[in-house]
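> So the chains spell out like this:
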Amino acid sequence: MRSSTTSGPNSAGEKQFVIGRFPGFAAISWIFLLYLYIPIFLLIIFSFNASHSATIWHGFSLEWYLKAFGNDDVQRAAVNSLIVAFSATVVATVVAVFAALILARGGRFRGRGLSYGILMLPMTMPEIVTAVATLSFFTAIQLDIGLGRVVIAHTVFCIPFAFLPIRARLQGMDTTLEQAAQDLYANEWQTFRYVTLPLLMPGIISGAMLSFIISIDDFIITLMVAPAGSTTLPLYIYGMVRMGVTPEVNALSTVMLAISLVFVSTSYLIGRKKQVGPPNS
Amino acid sequence: MPKPAIEIKNVTKIFEGHTGRPVTALDNVSLTIEDNEFFTLLGPSGCGKTTLLRLIAGFEYPTEGEIVLFGESIRGLPPQQRPVNTVFQHYALFPHMTVAENVGFPLKMQGQQQDEMTCTAARMLDLVKMADFGDRMPDQLSGGQQQRVALARALAPQPKVLLLDEPLSALDLKLRQEMRVELKNLQRQTGITFVFVTHDQVEALTMSDRIAVMSMGRLQQEGTPIAIYEQPVNRFVADFIGETNFVQSTIAGIESSGARCTIGPGTTLGTGATAGKGKGAAVTLAIRPEKIRLVKTAGAAEGLKGRVAECIYTGTDTNYQVALENSDVRLVVRGRNAITGETLFKVGETVMLNVAEGAARILAD
Amino acid sequence: MRLLQSTPMRRVLGLGPALGIIGFFMVVPIGIIIVFSFMKSNPYGGVNPEFSLEAYKQFLFERNLMDEMVFNAAYLRIFGRSFFLAMVTTALCLLIGFPTAYYMSRQPARRKNLMVFLVTIPFWTNLLIRAYCWILLLRDTGIINNYLIKWGIINEPLTLLYTNFAIFLGLVYTHIPFMVLPIYARVEKLDFNLLEAAHDLYASRQQLMRHVILPLAAPGIIAGSLLVFVPCLGDFIIPNLLGGGKHLMIGSLIQLQFGGSRNWPFGSAAALILMAFVLIAMMIYVWGPGRKMKEGGA
Chain A
1 MRSSTTSGPN SAGEKQFVIG RFPGFAAISW IFLLYLYIPI FLLIIFSFNA
51 SHSATIWHGF SLEWYLKAFG NDDVQRAAVN SLIVAFSATV VATVVAVFAA
101 LILARGGRFR GRGLSYGILM LPMTMPEIVT AVATLSFFTA IQLDIGLGRV
151 VIAHTVFCIP FAFLPIRARL QGMDTTLEQA AQDLYANEWQ TFRYVTLPLL
201 MPGIISGAML SFIISIDDFI ITLMVAPAGS TTLPLYIYGM VRMGVTPEVN
251 ALSTVMLAIS LVFVSTSYLI GRKKQVGPPN S
Chain S
282 MPKPAIEIKN VTKIFEGHTG RPVTALDNVS LTIEDNEFFT LLGPSGCGKT
332 TLLRLIAGFE YPTEGEIVLF GESIRGLPPQ QRPVNTVFQH YALFPHMTVA
382 ENVGFPLKMQ GQQQDEMTCT AARMLDLVKM ADFGDRMPDQ LSGGQQQRVA
432 LARALAPQPK VLLLDEPLSA LDLKLRQEMR VELKNLQRQT GITFVFVTHD
482 QVEALTMSDR IAVMSMGRLQ QEGTPIAIYE QPVNRFVADF IGETNFVQST
532 IAGIESSGAR CTIGPGTTLG TGATAGKGKG AAVTLAIRPE KIRLVKTAGA
582 AEGLKGRVAE CIYTGTDTNY QVALENSDVR LVVRGRNAIT GETLFKVGET
632 VMLNVAEGAA RILAD
Chain C
647 MRLLQSTPMR RVLGLGPALG IIGFFMVVPI GIIIVFSFMK SNPYGGVNPE
697 FSLEAYKQFL FERNLMDEMV FNAAYLRIFG RSFFLAMVTT ALCLLIGFPT
747 AYYMSRQPAR RKNLMVFLVT IPFWTNLLIR AYCWILLLRD TGIINNYLIK
797 WGIINEPLTL LYTNFAIFLG LVYTHIPFMV LPIYARVEKL DFNLLEAAHD
847 LYASRQQLMR HVILPLAAPG IIAGSLLVFV PCLGDFIIPN LLGGGKHLMI
897 GSLIQLQFGG SRNWPFGSAA ALILMAFVLI AMMIYVWGPG RKMKEGGA
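Protein chains in written order, with the working numbering: chain A, 1 to 281; chain S, 282 to 646; chain C, 647 to 944.
Please keep in mind that the hints were generated in silico from the structure rather than gathered at the bench.
What you are looking at is a predicted structure, and each value in this text was computed from that prediction instead of being measured.
Keep in mind that the hints are not guaranteed to be accurate.
What follows is a set of in silico ranges between Cβ atoms, one per label pair, in the way DEER data are often shown [unchecked claim]:
hint	chain 1	residue 1	chain 2	residue 2	range
1	A	G148	C	V658	43 to 49 Å
2	S	E591	A	L269	55 to 61 Å
3	C	G662	A	R108	16 to 22 Å
4	A	Q182	C	L760	40 to 46 Å
5	C	L760	S	R356	31 to 37 Å
6	S	D416	C	S907	58 to 64 Å
Some chain A residues well away from chain C (every beta-carbon gap over 12 Å; in silico) [claimed, not checked]:
hint	residue
7	L36
8	F60
9	K67
10	E127
To spell it out: a stretch of chain C is covered by chain A in this simulated footprint if at least three of its residues, at any positions, have a beta carbon under 8 Å from a beta carbon of chain A; those stretches are [said to hold, decoys possible]:
hint	segment
11	760-770
12	837-848
No residue lacks a Cβ here, since even glycine has one placed at the ideal position from N, Cα and C.
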């Protein structure tokens, strides 16, 4: 029987020695979580501030949201962000699915470890290094396709983010279902289309959402690689922050935070949907 | 009169269940464990035996009641302040320490000097026949070897009581049998009180000085192996230990030697103790299969008659299912086979059953 | 039995696109900056295609007014400061992150998952926004100062922004999830029986932590430290926004070369040096804790 780590006081009401508990750890943990979230909450609260000051509270108001979204520049930046994120996600996810199928199901082969290494490269390299390298590359080959440069750069680092949930899903999948399908005369393509793909779908969606969010949020690489004249939302916010702190920035930031939160939570929940496996005997 | 090693006094333990409903693991359990005794807690899983062990070790605290160690209450003491050590079911060897470091761990925690520690550790490993394994890591050892190291580690600080939580259950049969003998010898050698938890009744019967049979959080019976086997007090104990025939009957009359019970038209059995029941009471009789003898009917008219319904050959014996004449009652009878190995009675044969005097017991429930 | 017959042809088709994209758009660019680092800088941005070691010399030397090479410790100081900041940040993350990760692992399942989720979310939000939050808080007219003055605790605003203190706050804030999660992954697999056994064998709480928990958590601690230290070295948002651009770190140095300073070769050289550190750290990880993490609890 699994022990309970939280035996309460006994009938005599004595405090009891709990194995594995260390004094102060609980306090540190909760203070840490507060430290992590209070700045964000304050940002959100002050985005509703009914005054010009970004930091003195005067009352509740939505005027900054309206102002921010009425702004032409903001709208253009938002559109750019969406275009880039959407394109990068589509390409990255498709490419990641193929890669995951081979790596998770293809058995051992030479170069497998190396493939993983290359696949994870965008995640392990510091962003600043990737950013300047990509910029140098585009300059060297004089690639001048406007926003396309950003799309390409984003696609590269979106691939590992899309890949991981898909691979995780594949590894958790019960292969006997596919074996059953083939036993019942489905050929490879049919098995893939009617069995593997539907089962894999939550992982694919999860990966796509993560990839989308990573692209929307990206700043460093976009900063270096974007052509003059096109902005994305993070770049626009950066520009405004350098000029000063205004409630508009608060409002924009809150919206971006909300988008991130929604996407990540959804991705997480979808990814956790029950795996189909052998029934518990 | 030496103090008893452990006294469990009216101990109850209630857990918060996973679903939120409280689970009573132990219900008002009281028992006494003597010094220098090999004591076993026996019962099916979920009966509370492991919980009781953990209460003695200090990993849990009783909801009610008290535990007394050599006359002193250990209420509220954390495990590191109790002179009691545990051998865990899955050994719990520290994976990042060598065997010698594992065995020396308790001594180090108590502040012993390095030389003394190494000396004691070596001696302990010798005791469990693992003397050459000091430098190995736990993951390099087999299950049986890990178990010995766990034993050495628990014995090193010379505890007053050693707790063993189903230590043999993960071993295969041959190894288990060897370890049973070794553990028994170890207990005699060291003189430490052993409290042993198992669900295997053969283990309990072969190793223990005394056994406590538990079920559903309650103590069912406490006594020596012979007492538990020969005089089970209730249905559970009679059923859990060995095999038993249960026969419904009514008390026909009380005699000086015991009661006389009717088990079928015209057939009665004499029992020993009456278990406080009177004439006319409906009781359950418990009869061990090996206490009944089958005899070929050679025309004798007196006695219990029946027909062999099934023969189950088990090597040394055969278990016969015998249907009693004029009754629904079926009894299992164990009989030796002939020297040549044949079963002595065949299916369909009519036989007479001799129940040894006093072999039938009236159960309390 | 494999679903896809893994023929070499299939492998190429399946892995080709992914590896191709990454290979072409990451590996080749790295090659390009290696080349750039050996070239002369172009004042209009980009490089002049002439071989030169000027960039690497610039780390240690500079030309004075008489056109001689004189030792210049400025860049060494920047590297030194980056190292110092990264190390202190790592230490702080460890001090806060380890107890948190341990505490999380001891919670019942639902709360445990919730806490993991809470720690992970900030990772997915915009770095910039998270840094901005601190600007909001720490400026002279920021939230902290405003309310401290309002409540009469101080009269003059405290200088919180544009200090080393602010940089530490920001660095720890952005990087600490990378310390918590690896340690948590490791500690979560700890066999609870080991804790009981240690206490059973007379260990006190401190001894338990020192002799059992910490050694077993070590691979996670090392992994977390690497995951914090290395990105910290390359960070430039925090030093820029919270340090005011006066406290340069390696990351901001690099970014500057490709921005206002227009010294691409030097920037490339600096980026390569940073990359070298990353590779060293990665190799340390793969050969050490990386193996142990795969093996799981024992």
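> Between D416(S) and S907(C), is the Cβ distance one that fits in 58 to 64 Å?
Since the Cβ atoms of D416(S) and S907(C) sit about 59 Å apart, the hinted range of 58 to 64 Å holds.
> Is the claim that E127(A) lies outside the interface with chain C correct, judged by CB distances over 12 Å?
About 7 Å separates E127(A) from the closest Cβ of chain C, which leaves it inside 12 Å; violated.
> With 40 to 46 Å as the target window, see if Q182(A) and L760(C) comply at their CB atoms.
Holds - the Cβ-Cβ distance for Q182(A) and L760(C), about 41 Å, lies within 40 to 46 Å.
> Test the statement that F60(A) is away from the interface with chain C: the closest C-beta pair must be farther apart than 12 Å.
Consistent with the label, F60(A) stays out of reach of chain C, its closest Cβ about 17 Å off (over 12 Å).
> Over 12 Å to the closest beta carbon of chain C is the bar; see if L36(A) clears it.
With a cut-off of 12 Å, L36(A) comes too close to chain C, as the shortest Cβ separation is near 6 Å.
> Within 55 to 61 Å: is that where the Cβ-Cβ distance between E591(S) and L269(A) falls?
holds, 59 Å
> Quick one: work out the minimum CB distance from K67(A) to chain C and report holds if it exceeds 12 Å, violated otherwise.
holds, 18 Å
> Quick check: does the Cβ-Cβ distance between G148(A) and V658(C) fall within 43 to 49 Å?
violated, 26 Å
> Regarding L760(C) and R356(S), is the given constraint of 31 to 37 Å on their beta-carbon distance met?
holds, 36 Å
> At the C-beta level, are G662(C) and R108(A) separated by a distance inside 16 to 22 Å?
With a Cβ separation near 19 Å, G662(C) and R108(A) satisfy 16 to 22 Å, so the hint holds.
> Report holds or violated for chain A covering the segment 760-770 of chain C, Cβ cut-off 8 Å, minimum 3 residues.
holds (count 8)
> Mind taking a look at whether chain A covers the segment 837-848 of chain C? Criterion is 3 or more residues with CB to CB distance under 8 Å.
Satisfied; 4 residues make the cut.
Hint check: violations occur at hints 1, 7 and 10; the rest are consistent with the structure.
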